[in-house]
Amino acid sequence: MWKRVSRRQAYYYASAVFLVLWIVCFVAIINQPYIGLNIENLNGQWIVTSSDPQGEGYKSGVRVGDLIVKINNDDIDKYRIVQIWNQVEGASTIDVRKVGQPTDNMITIPKHPIFKMILSEIPMLILGLAYWLLGFITWYRRPFLQQARSLFWLNSFIGLAIVLASASSRGLLMARELEYIIFSAVPILLINFVAVFPHEIKNRINQWGRLMLTLMFAIVLLITVLQSSGIVHFVSPLRKMVLATMSLGIFLALGNLGASLKLPKDKPEKNQANIILLGMVIGFLPFVLLTAIPSIFGYQPIMSAQVSSLFVSVIPATLYYAIVNKYLPDSQRLIGTMISYFVAGVIISFVVSYLHFVLTFSSTFNLELYLSTLALFIVFIVCFTLIRVLISKILDKYLFPEAKQGFKKRILELNESLSMINDQNQMLEELVKSLAIEGAFIAVE
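Position in the sequence shown (from 1) plus 6 gives the number in the working numbering.
There could be a bad hint or two in this list.
Straight-line distance between alpha carbons at most 30 angstroms, and here's what the computed BS3-like set of lysine-lysine pairs gives [stated by the list, open to error]:
{"no.": "1", "residue 1": "K104", "residue 2": "K84"}
{"no.": "2", "residue 1": "K84", "residue 2": "K117"}
{"no.": "3", "residue 1": "K246", "residue 2": "K65"}
{"no.": "4", "residue 1": "K122", "residue 2": "K76"}
{"no.": "5", "residue 1": "K76", "residue 2": "K117"}
{"no.": "6", "residue 1": "K122", "residue 2": "K276"}
{"no.": "7", "residue 1": "K65", "residue 2": "K117"}
{"no.": "8", "residue 1": "K276", "residue 2": "K246"}
{"no.": "9", "residue 1": "K76", "residue 2": "K104"}
{"no.": "10", "residue 1": "K122", "residue 2": "K65"}
{"no.": "11", "residue 1": "K246", "residue 2": "K84"}
{"no.": "12", "residue 1": "K76", "residue 2": "K65"}
{"no.": "13", "residue 1": "K117", "residue 2": "K104"}
{"no.": "14", "residue 1": "K65", "residue 2": "K84"}
No lab work stands behind these hints, which were simulated from the structure alone.
None of the values given here were measured: they were computed from a predicted structure.
Build out the structure end to end from the sequences listed, making use of the hints.
Structural data, given as structure tokens:
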């Protein structure tokens with residue numbers, strides 16, 4: 007009994023730690039604007055290697071190739087985040103020398119109103135919080151299911167990694183280190199989750215995959231510690247290693263779920279596997295194929311991380327729905343519905359992008375606009391479906407309870423009728439056996 011209580015307390019303690027870190031990251035994000043500049047030391051000069059269009063640095067006119075002279079009227083070498091991660095964050099002023107100009111320009115990073123900062127950053131914070139919340143609710147409603155316990159830890163780690171990804175771009179101390187370590191640990195938890203859901207899967211590929219992910223996690227952990235200590239300087243290889251670990255874990259998880267599809271049609275586990283596989287394909291593949299893999303091979307991401315994260319929001323709702331609910335809809339019909347929605351999103355996104363192409367007289371087709379519109383359409387459909395189901399349940403519970411009770415009464419009557427039929431069938435079978443009647447057909451009206 008004491009051991010069971012201690013195990014339950016571990017989930018509450020982990021939730022408390024998550025909420026504390028979430029609040030710390032929230033405060034850091036709303037108090038420090040995102041600059042979005044990466045620099046590199048070339049022959050003693052700090053040159054801008056990338057400038058995120060969403061950052062205040064790009065909006066203030068800083069471009070790739072510009073020279074960063076000072077930060078906050080001080081020497082650049084004194085800033086730890088610059089020395090360790092080659093990032094310009096946490097600054098209020100930046101002295102920049104434009105390409106081909108002999109003089110320096112001081113750029114003041116504007117601080118926007120807190121309400122505007124919250125509106126711009128709240129989607130990622132809510133996404134991280136939603137992961138933890140749905141994992142906690144799943145465990146709370148099904149505490150004795152191993153799948154629910156595995157989902158709690160998986161969702162908590164993913165949610166914390168998402169929140170830390172936003173906080174690390176604000177120069178929060180140790181946020182980048184924790185982000186890389188947690189992101190590289192997520193694939194191990196993902197494999198552990200799909201290995202017990204919908205049924206326990208033990209095969210050689212799964213075991214070797216788990217061993218490989220554990221080894222990659224150990225390498226990421228070691229390099230992150232050495233990088234944070236200033237012993238090595240592997241900023242780009244470390245980031246690619248984290249992305250490769252996540253991509254490999256996602257492919258292994260999808261492969262395990264795909265193996266579950268070989269189950270007979272009458273097995274409920276197959277229906278659950280279809281629903282989970284559908285959610286993970288929609289949520290993970292856009293990030294892996296359009297963001298992670300191009301970055302691993304040194305190319306620009308086809309889809310930005312902010313846009314691909316919109317697809318990831320489908321996953322926690324899907325996993326929660328598949329575990330908590332005892333009666334699931336037909337997965338084949340669900341897949342057909344999702345495919346129809348996806349095709350509609352493709353068509354609508356193409357129409358929007360084409361109108362933008364024609365009306366703005368652009369010379370190139372805006373692929374980022376097309377992908378962003380598609381992502382927003384899919385997220386809108388998911389949110390609309392969830393809100394509709396929630397409103398329907400509230401109306402059935404508080405406004406139309408008679409209809410619900412009547413439906414339950416009819417179900418009970420049907421169950422009683424089925425029980426009587428089964429009892430009669432058993433009596434007939436016993437009668438046939440006792441009389442040794444063979445080849446007889448007995449019809450009961």
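Does K65 sit within 30 angstroms of K246, going by the straight-line distance between their CA atoms? With a Cα-Cα distance of about 27 angstroms, the restraint between K246 and K65 holds, given a limit of 30 angstroms.
Are the Cα positions of K276 and K246 separated by 30 angstroms at most? Violated - the C-alpha atoms of K246 and K276 are around 35 angstroms apart, more than 30 angstroms.
Hint consistency between K76 and K104 [alpha-carbon to alpha-carbon, up to 30 angstroms]: holds (13 angstroms)
So if I understand the rule, the pair passes when the alpha-carbon distance is 30 angstroms or less; does K104 with K84 pass? Holds, at about 22 angstroms.
Mind checking the alpha carbons of K65 and K84 for me, to see if they're no more than 30 angstroms apart? holds (25 angstroms)
K122 paired with K76 [C-alpha distance capped at 30 angstroms]: The hint holds at about 28 angstroms.
Agreement of K76 and K117 with the hint, judged by alpha carbon distance not exceeding 30 angstroms: Since the Cα atoms of K76 and K117 sit roughly 19 angstroms apart, the hinted pair holds (cutoff 30 angstroms).
Does K65 sit within 30 angstroms of K76, going by the straight-line distance between their CA atoms? Holds: K76 and K65 sit about 18 angstroms apart, inside 30 angstroms.
Straight-line alpha-carbon gap K246 to K84, limit 30 angstroms: holds (27 angstroms)
Are K117 and K104 close enough, with their CA atoms no more than 30 angstroms apart? With Cα atoms ~23 angstroms apart, K117 and K104 stay inside 30 angstroms; holds.
Is it true that the CA of K65 sits at most 30 angstroms from the CA of K117? Holds: K65 and K117 sit about 13 angstroms apart, inside 30 angstroms.
Does K122 pair with K65 here, judged by a C-alpha cut-off of 30 angstroms? holds (16 angstroms)
Hints 6 and 8 from the list above are not met by this structure, while the remaining hints are.
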